Amino acid sequence: MSNLDIYMPILMLLLLGVLLVGITVVLISKVVRPHNPNPVKEQAYECGEDPVGSAWSLFNMRFYVTGLIFIIFDVESALMFPVVAVFKSMNEIGLGGLVLIELIIFITILVAGLAYCWRKGDLDWVKSYKMSEDSKEGTGIEND
Amino acid sequence: MMGLASYLIISTILFICGVIAILARKNIIAILLGLELILNASALNFVAYTRFLNNSIDGHIFSLFIIVIAAAEAAVALAIVLRFYQIRETVHIDDATQLQG
Amino acid sequence: MFDLTLFFISAVLTVIGAIMVITTKDLMHACIYLLASFLGMAGLYLTLGADFVAAIQLLVYVGGVVILMVFAVMLTGGPHAQKQNKFGMIKTALMGNIRTYTIGGLTAVVVLLMMVKLYISIFKNYTAGELPNYLPTVERIGKSLITDHVLAFEISSVLLLGALIGAAIIARPRKNRIN
Amino acid sequence: MTDTIVSYLAKFGPFKDLLEFLTESYGANGPTLFAFLIFLVGVIIIVTILSTIGGLGTYAERKISADMQLRMGPNRVGPYGILQFLADGVKMLMKEDIVPKDVDRLLFFIAPMLALTGVFGTLAVIPFSSGFTLTDLNVGVVYLIGISSLVGLAIFLGGYASNSKWSMLGGMRGASQIISYEIPIVLSILAVVLLSGGLSFGVITRAQGGWPHEWFIFHNPFTFIGFFVLFIGSLAETNRAPFDLPEAESELVSGYHTEFTGMRFAFFALAEYIEVFVVCGVTAALFLGGYQVPFNLGGDTIWGQLLQLGAFFSKTLALYYFVIVIRWTLPRLRVDQLMTMCWKYLIPIALFNLVGAGVWMWLFKGKSLFVLLFKSGTAAAGIH
Amino acid sequence: MDYTIANIAPIVLLPFLAFVIGSFTAKKFPKFTGIMVCVAIFGSFLLSARIFADFVFNQYSADYYIHKTFTWFDLGPTFKLNLGIYIDQMSAMLLLMVSGVGFLIHLFATYYMGEDKRYARYMIYMSLFTAGMLGVALSDNLLSFFMFWEVMGFCSYSLIGFYYEREAPGDASMKAFMTTRIGDVFFLFGLLIVWNVTTQVNGQGSFTFVDLYNVIANGGFDGQMLLGIPLATFAGLCFFMGTIGKSAQFPLQIWLPDAMQGPTPTSALIHAATMVAAGVYLSLRVYPVLEAGHLLVFVSYIGAITAFGAATMALVQTDIKAVLAYSTISQLGFMVLGVGVGNYNAAFMHLITHAVFKACLFLSSGSVIHSLHDHHTGGHVQEMPRMGGLRKKMPYTAFVMVICSLAISGVPFFSGFVSKDRILGEALIMGLKNPVYSLPMVLGFVAALLTAFYMFRMIFLTFYGAPRDQELFDHCHTEKFSFNRNLPLLILSLFTLGLWYSGSLTGQGLVKFPGVENKEWFQTLIEKPDAHHLAKFKNYKSQAWGKVDVKPAIDFSKSHYDPTHGLSAEEAHHAHTLHLYGAVGSIFIAFLGIFLAYLMYIRKSLNPGWWATTFSGWYQTLKNKYYFDHFYIDVLIKKVLFKFQDFIAWVDMGIWDRIFIDGWANVNNFFSYWARKFDDVVVDTIGVDGTGAGVRFFNLVLRTLQSGKIQFYFVVIFLVMASYLLTLRVA
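Order-wise, the sequence lines are chains A, B, C, D and E. The first sequence begins at 354 in the numbering used here and counts up one residue at a time. The second sequence begins at 32 in the numbering used here and counts up one residue at a time. The third sequence begins at 23 in the numbering used here and counts up one residue at a time. The fourth sequence begins at 21 in the numbering used here and counts up one residue at a time. The fifth sequence begins at 326 in the numbering used here and counts up one residue at a time.
Just so you know, these hints were derived from the structure itself, not from any lab. Here the structure is a predicted model, which is why all the values come from computation and not from measurement. Careful, some of the hints might be misleading.
Unchecked claim - With a Cα cut of at most 25 angstroms, we get these calculated PhoX-like pairs of lysine-lysine:
no., chain 1, residue 1, chain 2, residue 2
1, D, Lys111, A, Lys383
2, E, Lys353, A, Lys473
3, E, Lys948, E, Lys964
4, E, Lys853, E, Lys717
5, E, Lys964, A, Lys473
6, C, Lys165, D, Lys385
7, D, Lys121, C, Lys47
8, A, Lys383, D, Lys115
9, E, Lys929, C, Lys47
10, E, Lys929, E, Lys948
11, B, Lys57, C, Lys47
Claimed, not checked - In silico negatives: residues of chain D with every beta carbon more than 10 angstroms from chain A:
no., residue
12, Ser45
13, Thr72
14, Arg82
15, Met92
16, Lys115
17, Lys121
18, Gly229
19, Arg260
20, Asp320
21, Ala338
22, Trp363
Stated by the list, open to error - Partial list, computed: chain C residues near chain E (C-beta under 10 angstroms):
no., residue
23, Lys47
24, Ile125
25, Gly126
26, Thr129
27, Val132
28, Leu134
29, Leu135
30, Leu140
31, Val172
32, Val180
Glycine is no exception: its CB is placed at the ideal position from the N, C-alpha and C atoms.
Could you build the full structure based on these sequences and the hints that come with them?
Given below as structure tokens:
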């Protein structure tokens, strides 16, 4: 058994997920289900009113800001995983303090970013929205 | 079949795809997609060389940092794109004609 | 046997995904193809014995970057926004005029030549030796992150801090001004 | 060598014979074929069982809510209405598959697929027992987090593809909620990894013990808090009440799956219910000792494995019950409360926990609170 | 115990760090900042006390010293700057005094400034100041000495002008800063000379004291002349100008009285106890240079004139702090006189004793001022004519102040007597031996008389008699004992007793403890750096920072008190006799002064008003501080400097502008004519138009490239890069 065989169930499960949906939706249910479309059915459901415009319109920036902070944290945690994983073995040979200090420095810098965003209101769902009307104070960049 | 050559070819294809996306797509976000492809191609090269040429761990760490930097780059670049869009209401790259924003 | 299968599936997913990214018109679809390409890339990492890098590829790209891209597509007016520019001119999807095509073609030829030259030498000189076994990488990565590469490790957090603050400043909602 | 179901089963006589037979017949590919067969059977069994559990989950939900509200709940199909989920499934299969005019057809097809794929992908590393884990990857935890984030993407794409404003809102909310709550989850898991010293579920589970005081939840005060952070985050990650904003029926009709009908909707629902089971299982494995039974009863024998399965499932199902009770007890959060809770409470707490757990490990040489309180330091060396 | 960076550097760094941290916390946590500063200085005090204990309690002999250096920066073989520490008995005592007195003053400041709105800022300035002074005490070289000296200058500027809302403190701070700068400029000259001489002698420039001593011991100054003056004289003069500026000696004494505009603990710390002492300390450190430059007579004259002049001015002051300020100048004059008459030991002793009792006096006056609150103006009252009878209201302060006044007046059993009378006795010896010294001798004794008089004038006016401003008196609260108001005072006053400084209570052998007659530790331990002392620096080797002290090869023997001071028995007897006369005389003088004050202000049998009217001319002169301020401003600046300025302006406008600038313009005109010709023909026609044509031509080419389309640029970049890679030879 070569080493890569351990990844076999993952591939199987992913393929199973794809195939299950594909086969069921495309084949089986096509056989058994009814199919009689009409224009009203094919409208997007907006509580019975006719839809106005596409739904693919603009959304608020705050969604992006959330995603932005998320991805930074995601990457930081990705970097922390191996360090944290070796912490225990390092601790047993007496280097735990060193790893801990490195980790704490890392986390502190991370927290500084979080604190900045907190302070500037990026974490406030409602206030950051209001800020766009009120003032451009605290945005950091001045525009003409 | 699973030699160094095949990995290099795959990464070359990815790289060329990325370059084409950068050169030919007009939507800035599409260009960023191309950039991600290029970064992935280089990360793949690092890991492949590490496996086939020397068995140290440094290639993995390098690709790890490439992933980190790619994520940071994507975050900042997309923020710039969004800012640009808010000002110009377009993400067409040929509309980015002024340095001031 | 399975390693070949995994390699083949991953390679196909990666290459097809990448090609679809640059050919599809719909930006949202391009993001999905990019996702496919990333998944395939994770598979390729697995075949190279880089299990941790593969997992991080999943975590960061699939879970983070693609979602961010998709958000950005949504926030810039959806995938089909602005076929026209401000003056009502149709924007070209590709580069445009004969001059750019010429230079582009030239570039393609030169790049091709360069690749051929590079790869010929690589394939000629590289002989596959005894490949090492697949070893667990997490321990080794962790150890070198806290010893040899500790500076890079810490500096990367500064980089991310900078990215976070910079991007947050740029992306913060403000009063819109249209020039 | 990573523990898999294959390496476990290969110890037993019949399987050993099969392995030898395959090796003789197919040479070097024999073990792979052997693994393929066992994995295939294992995957099919596990998917079947979990789909059933997911289906039963809908039943349990209705029954428990009925109990809490002094109703009967489903009681027509089968004894006590236990086959209700099968009836629902058949109904779903028979429903018309309505694809609205303006949808993005590709994504409309891919979204449920991604949701199901993401959830199925996680099943590969769930530690049901020491032997019956499909594959115990070295990077199991990271893999699990990564692959399950496909669900968030699926929810967004589902909302996007529908081209309906309700769906779009639900999808946006869902995606941002899921990515936000991923952070506290990851940080809590990091604390557990720090205690156990490995990224695989096997290592993490083996670092704990059968008795409650050996579980990580009671290891130190920080993990005790970390458990709740993880649990709350998991609730949000699976869009369960009180975090069911993406599908808040009183606000957004039905959220991101407003436009999905028939089997497509069924797959979304199935994915959600299986995911609840998965996160409960993960929580149990990370904090509640997973499959560990006291005295390691039975050991590697098949009876021991069954005991371990029993331990794992009982812990997981207890959490599952708890999740359902929470859903019918708590009111839904507002969207700003949701974000505040995540970014201003859970994440700082989780970061603090991580550092605190590290300091605890460093100060007390990895001894748990119980050991420090009730046993001498020398006796403690044997535990970890 | 060894001296390493870990237990030396915190002495300076603790107050400095308190300053740094305090500057961040001052706004938000003023109370915390104040406590932190006090704790930091107490830490310095503990470390200093340990050094003191090492040096004084018999671990090291009298001429032992510790000198450790590290390289600050290294610019090649000839220019290498070392910094380091130099600790000998004198530094050890100074460290203990500065940190101890500084700590008590800080403690008092928490009381005095506690309600001020900029309390924390005040405390951190004080902290920085203390760091500077401790740095001066530890410096092994003149350069770092100068740097810390300037740190103190800055702090003194900030602290004098602490109430910058008012005009007077602002002016006073500016005045203090500018006046001391004059001395500092000369000090810098001195540094250059030292560098130059050490370069000549050792081949490598250095600022360290030991190198300076080394150079002097090896005769490095011999025969060196500058502008016809011996170089040693020049250097000594430069350093002594630093002393004059910093220690407010004649003729630069004008800044110190004005410096009383700062809060009273500032006055105590800076303008009485420590900073002004730094100037004297400089003189003591460079004493061999002064001696080599034959400057001691000059020094003694400056000191005596200062002592006498300031004392006379103090007679007529009505502001309680002004009296103390002039007395400070006067006492500094005594110290300088001590240096001048060659009684190195007594000068340093007076520095220490004066620091203690003057700090105590200032703090007591602060205590008085703080409790006298004028409800009409809303400010505190400093004028003595409005006081009187205050001993009933503040018994502790009155007691302490009387003790300290006794000390400063030179009453036996107090520290002032021990130190001052040794200076006066030496002056007496020198005056009788050498007629040149007779004027300093006389002035010194007169100044001592005046000192006793004006100090007790102040005491009587403040604490005795009937209250002259009943309303103010009634508003004054009765003093309650509090740890940060009275405790520092009491501790300081405890150390004004003479027995701490001398085994014989009086320092003159008049009254002795049984069995301790040889414990004149001050005289034993502080060695005058004369030729004998300097000899050990002849083969000096510097020692780098390390973990362990490397003791010098020469094993210094333990020193013991030499009652003959190295003189022959006959001379020693002579000297002792003269000292005895001097002591008796000065005791008499002290009591005479006190008695005069008693007559004038308690018995009122002598009317001060009569004296003031009779000698109104002198009175006005003294009131106006001998017209020094007028002289400097009206004469020196307005008449001389402005004239000089006019002259310079005339040179600039009349000569330089007219001849050089205008002449240059003419030359330019000439050349510009030809340049224009050249421009028209060669440049315009050929160059510009030709370039234009060229540009138009290249424009055609470049226009295609410069399209503004960024992706086109990318294509070009890729093309170029790929082409470049194509040309590379692949291994």
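Hint-by-hint comparison with the structure:
1. D:Lys111 - A:Lys383: holds (14 angstroms)
2. E:Lys353 - A:Lys473: Given that 25 angstroms is the threshold and the Cα spacing comes to 21 angstroms, the pair holds.
3. E:Lys948 - E:Lys964: This hinted pair holds, its Cα atoms lying about 23 angstroms apart.
4. E:Lys853 - E:Lys717: This hinted pair is violated, its Cα atoms lying about 47 angstroms apart.
5. E:Lys964 - A:Lys473: Roughly 61 angstroms between the alpha carbons, so the hint for Lys964 (chain E) and Lys473 (chain A) is violated.
6. C:Lys165 - D:Lys385: holds (19 angstroms)
7. D:Lys121 - C:Lys47: holds (20 angstroms)
8. A:Lys383 - D:Lys115: holds (10 angstroms)
9. E:Lys929 - C:Lys47: violated (111 angstroms)
10. E:Lys929 - E:Lys948: holds (22 angstroms)
11. B:Lys57 - C:Lys47: Since the Cα atoms of Lys57 (chain B) and Lys47 (chain C) sit roughly 11 angstroms apart, the hinted pair holds (cutoff 25 angstroms).
12. Ser45: holds (15 angstroms)
13. Thr72: holds (14 angstroms)
14. Arg82: holds (24 angstroms)
15. Met92: Per Cβ check, Met92 (chain D) is outside 10 angstroms of chain A; nearest 31 angstroms; holds.
16. Lys115: violated (6 angstroms)
17. Lys121: violated (4 angstroms)
18. Gly229: holds (16 angstroms)
19. Arg260: holds (20 angstroms)
20. Asp320: holds (19 angstroms)
21. Ala338: holds (26 angstroms)
22. Trp363: violated (4 angstroms)
23. Lys47: violated (18 angstroms)
24. Ile125: holds (5 angstroms)
25. Gly126: holds (6 angstroms)
26. Thr129: Holds. Min distance 4 angstroms.
27. Val132: Holds, about 4 angstroms.
28. Leu134: holds (9 angstroms)
29. Leu135: Where the cut-off is 10 angstroms and the nearest Cβ of chain E is about 6 angstroms from Leu135 (chain C), the hint holds.
30. Leu140: Hint on Leu140 (chain C): holds, closest Cβ of chain E at ~6 angstroms, below 10 angstroms.
31. Val172: violated (27 angstroms)
32. Val180: violated (22 angstroms)
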